[in-house]
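Engineer: As a plain string of letters, each chain reads:
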Amino acid sequence: MRAFFAIIIKDLRVRFSSPLELVFFILLPVVFTVVLSGVSMTGNRTGAQAPLVLLQDTVGSPASRAFGALLGQMPDVRVRGVTDPTALISTSEPDLLLSLTPPASTGGELPFTLTFKLSPWRGSAGATAHRVGDWLSAARTGAPAGTGPASAAPSTATAAAPEPSLTTGTLDAPSAAATGNAGQIITWALVPLLGLGAGFITERKRGTMRRVQTTPAPRSIVTAASVTAEMLGALVQMALLIGFGTLVFGLTWFSHPVELLMLSVAFCLAGAALGALLGALCRTSRQAGSLGLALAMVLAVFGGCWYPAAFFPASLRSVTKIDPAGWAMDGFLAVLSPSAATGPALRSTVLLLAFGVVVFILAALAARSRRAAVS
Amino acid sequence: MALFIIAWQDLKRALRDPVGLVMTLIVPLVLIVAIGLVAGNTPFQAAPVGGFDALSYIAPGMALFFMMLTVRQSAKTIAEDTDRGVRDRLRSAPIADISITAGSTVSHIVLLFLQLLVLIGISSLLYRLSWGPVGILVLICLVLAVCASGWVALLVSLGRTPSRINALGMVLTLTFGILSRSFAAVIPTSPWMDTLARITPNYWGQHAFFSLALGGGAASVLRDLGALGIMTAVLWVASALRTRRPSTTRR
Chain A
1 MRAFFAIIIK
11 DLRVRFSSPL
21 ELVFFILLPV
31 VFTVVLSGVS
41 MTGNRTGAQA
51 PLVLLQDTVG
61 SPASRAFGAL
71 LGQMPDVRVR
81 GVTDPTALIS
91 TSEPDLLLSL
101 TPPASTGGEL
111 PFTLTFKLSP
121 WRGSAGATAH
131 RVGDWLSAAR
141 TGAPAGTGPA
151 SAAPSTATAA
161 APEPSLTTGT
171 LDAPSAAATG
181 NAGQIITWAL
191 VPLLGLGAGF
201 ITERKRGTMR
211 RVQTTPAPRS
221 IVTAASVTAE
231 MLGALVQMAL
241 LIGFGTLVFG
251 LTWFSHPVEL
261 LMLSVAFCLA
271 GAALGALLGA
281 LCRTSRQAGS
291 LGLALAMVLA
301 VFGGCWYPAA
311 FFPASLRSVT
321 KIDPAGWAMD
331 GFLAVLSPSA
341 ATGPALRSTV
351 LLLAFGVVVF
361 ILAALAARSR
371 RAAVS
Chain B
1 MALFIIAWQD
11 LKRALRDPVG
21 LVMTLIVPLV
31 LIVAIGLVAG
41 NTPFQAAPVG
51 GFDALSYIAP
61 GMALFFMMLT
71 VRQSAKTIAE
81 DTDRGVRDRL
91 RSAPIADISI
101 TAGSTVSHIV
111 LLFLQLLVLI
121 GISSLLYRLS
131 WGPVGILVLI
141 CLVLAVCASG
151 WVALLVSLGR
161 TPSRINALGM
171 VLTLTFGILS
181 RSFAAVIPTS
191 PWMDTLARIT
201 PNYWGQHAFF
211 SLALGGGAAS
221 VLRDLGALGI
231 MTAVLWVASA
241 LRTRRPSTTR
251 R
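First to last, the sequence lines map onto chains A and B. Note that the working numbering has the first sequence beginning at 1, numbered continuously upward. Note that the working numbering has the second sequence beginning at 1, numbered continuously upward.
Misleading hints may appear alongside valid ones.
Subject to a maximum C-alpha distance of 20 Å in a straight line, what follows is the list of computed SDA-like cross-link-like pairs (lysine to any residue) [said to hold, decoys possible]:
no., chain 1, residue 1, chain 2, residue 2
1, A, Lys205, B, Asp83
2, B, Lys12, A, Arg286
3, A, Lys205, B, Asp81
4, A, Lys205, B, Ser163
5, B, Lys12, A, Gln287
6, A, Lys321, B, Ala34
7, A, Lys205, B, Glu80
8, A, Lys321, B, Asp83
9, A, Lys205, B, Arg84
10, A, Lys205, B, Val19
11, A, Lys10, A, Val212
12, A, Lys321, B, Val33
13, A, Lys321, A, Val298
14, A, Lys205, B, Pro162
Worth flagging that the hints you see were computed from the coordinates, not collected in a lab.
Please work from the sequences and hints to get the whole structure.
Structural biologist: Written out as structure tokens, the structure reads:
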């Protein structure tokens with residue numbers, strides 16, 4: 001057991017021997033969290049601080065005017081009518097959302113196809129997107145506004161436009177700060193966890209692993225200690241970012257502390273297992289490092305860590321359901337939600353644990369067959 | 001002649017590296033496709049909106065983000081070659097020193113140019129993005145590739161060792177990406193962030209692509225290309241000065 005802890009401590013010392021590691025460990029994750037969360041450090045954005053939507057109404061029909069009027073009622077955005085879309089790049093507004101341009105080709109009357117380009121990035125603007133999506137769906141089906149499925153996807157209006165109305169129901173959706181904080185926690189923890197394989201290969205190539213194996217510590221202890229060191233590093237990083245989210249954004253991370261801890265450990269286990277598998281399958285540390293980075297980014301995007309999965313089209317949402325980063329994201333958002341039961345977090349924990357165990361077994365088998373082939 | 005042989009050999013080595021190709025082309029394409037779907041675009045269909053498509057901003061943003069990752073990799077390769085003694089061995093051949101450096105630089109410029117062109121081209125075909133005159137689009141890609149080669153030179157002169165270049169390059173890539181909003185057009189920023197973003201090639205590149213997508217034409221991208229040109233000159237002079245300093249000159 002002493003060997004186990006000694007290896008963990010030395011692995012962590014080696015990892016943090018360069019001050020640059022701290023940049024990746026805490027500085028950049030915090031910067032990304034703040035910027036991508038879209039939350040002002042001084043509080044909620046209201047009035048003049050609300051992000052700006054440029055609306056270029058090339059149609060000028062009652063329906064398009066109604067749409068503009070509806071958008072103008074939204075509390076979390078400001079709307080400015082423009083005649084020239086290049087205003088988008090010449091404006092000095094720091095908080096610019098995308099422009100909305102109903103096409104002129106339809107003759108100014110419904111039906112027209114309108115792609116709602118408001119960013120799904122931000123929680124508050126996302127709520128606006130939901131409401132406008134409802135209204136556009138209602139325009140298509142003739143149903144009362146607010147009763148259709150929430151959608152920020154392209155909507156085709158085929159019936160007369162309903163009177164614009166503002167849906168007043170509350171949305172139990174995660175805020176931009178919540179999705180930003182959780183998404184960045186997953187992304188930044190996943191990169192070094194998947195980099196575990198590159199470390200294994202470097203040790204294999206340099207012969208340091210063989211050297212360590214001449215000590216009384218068995219191979220399994222050495223490997224387990226290296227994996228644990230990486231997981232501990234990831235857990236500390238996650239704890240720091242969770243603390244940051246709690247202090248700066250006021251997120252309720254600790255409303256379900258036991259579930260949060262279990263979920264974090266299960267996520268680290270799943271990530272480390274994937275890293276170990278890469279280490280067993282790849283031939284060079286560069287292969288494992290690059291593929292680890294690529295896999296981390298792809299898993300994070302498809303898991304809804306960069307863009308909320310609620311805004312994904314149906315085809316993409318099915319990918320999220322088989323993505324460990326998506327499971328972790330679901331679990332973290334469930335932990336953060338004041339009204340959610342602990343069920344989704346536990347479900348994510350079980351999925352991640354099962355994934356981690358299966359992938360670790362695969363990694364062990366792959367490593368064994370590689371050793372057998374070499375000897 | 002030696003310059004072109006070195007450039008060709010370097011380029012062949014880069015193109016034959018499957019891991020490099022995955023990071024240079026496959027991963028950014030997967031991300032562009034995913035982000036396009038999230039932004040409401042449908043593959044092989046033009047966006048129904050009249051004047052503007054979010055992907056006109058995001059696709060170049062992702063391409064430029066991955067261009068900076070290639071910058072990091074190119075700088076690391078140069079440092080690895082120096083560590084292994086490849087450069088010293090080449091210097092013993094009857095080739096001028098300048099040909100070795102220039103050959104390597106040309107290969108990086110071609111690689112970065114091809115990367116940008118393929119990423120912008122495939123995303124444009126996939127999502128039917130309209131960029132206006134192709135000649136200007138190609139010119140923007142070329143100017144960006146030349147500018148990125150300046151960042152390669154600076155990284156090599158600053159980082160010295162492959163591991164330091166790797167870490168510095170990653171910091172640079174991520175910082176440039178977030179400053180210039182490469183991941184989405186709509187990340188809220190403060191004015192100081194917008195000002196700081198001007199030191200990144202991503203900012204000027206995205207601005208140029210965006211202006212072109214909005215039908216701005218050649219005149220609208222002149223300022224961006226000029227800024228990239230000045231940046232390239234500054235980077236090359238800075239890296240040359242840094243490399244000439246005795247304390248930082250290797251061997």
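Engineer: If a hint holds in the structure, say so; if it doesn't, say that too.
Structural biologist: Now for the hints, and whether the structure bears them out:
Restraint check: the Cα-Cα separation between A:Lys205 and B:Asp83 comes to about 18 Å, which is no more than 20 Å; the hinted pair holds. Taking the CA atoms of B:Lys12 and A:Arg286, the gap is near 18 Å; set against the 20 Å cutoff, the hint holds. The hinted pair formed by A:Lys205 and B:Asp81 meets the criterion: a straight-line CA distance of about 19 Å does not exceed 20 Å. Proximity of A:Lys205 to B:Ser163 is assessed by CA-CA distance (about 16 Å); at most 20 Å being required, the pair is judged to hold.
The hinted pair formed by B:Lys12 and A:Gln287 meets the criterion: a straight-line CA distance of about 18 Å does not exceed 20 Å. Of the supplied pair hints, the one linking A:Lys321 and B:Ala34 holds, its CA atoms being roughly 15 Å apart against a limit of 20 Å. Our distance criterion of 20 Å between C-alpha atoms is met by A:Lys205 and B:Glu80, whose separation comes to about 17 Å. For a cut-off of 20 Å, the pair hint linking A:Lys321 to B:Asp83 is broken: about 45 Å separates their Cα positions.
Simply put, A:Lys205 and B:Arg84 have alpha-carbon atoms about 17 Å apart, close enough for the 20 Å limit, and the pair holds. For the given pair, A:Lys205 sits about 18 Å from B:Val19 by alpha-carbon distance, which is consistent with the 20 Å threshold. Taking the CA atoms of A:Lys10 and A:Val212, the gap is near 12 Å; set against the 20 Å cutoff, the hint holds. A C-alpha spacing of about 18 Å is found between A:Lys321 and B:Val33, which places the hinted pair at or below 20 Å, so the restraint holds.
Annotation: proposed proximity of A:Lys321 to A:Val298 holds, straight-line Cα distance about 14 Å (limit 20 Å). The hinted pair formed by A:Lys205 and B:Pro162 meets the criterion: a straight-line CA distance of about 17 Å does not exceed 20 Å.
The structure fails hint 8 only (numbered hints given earlier).
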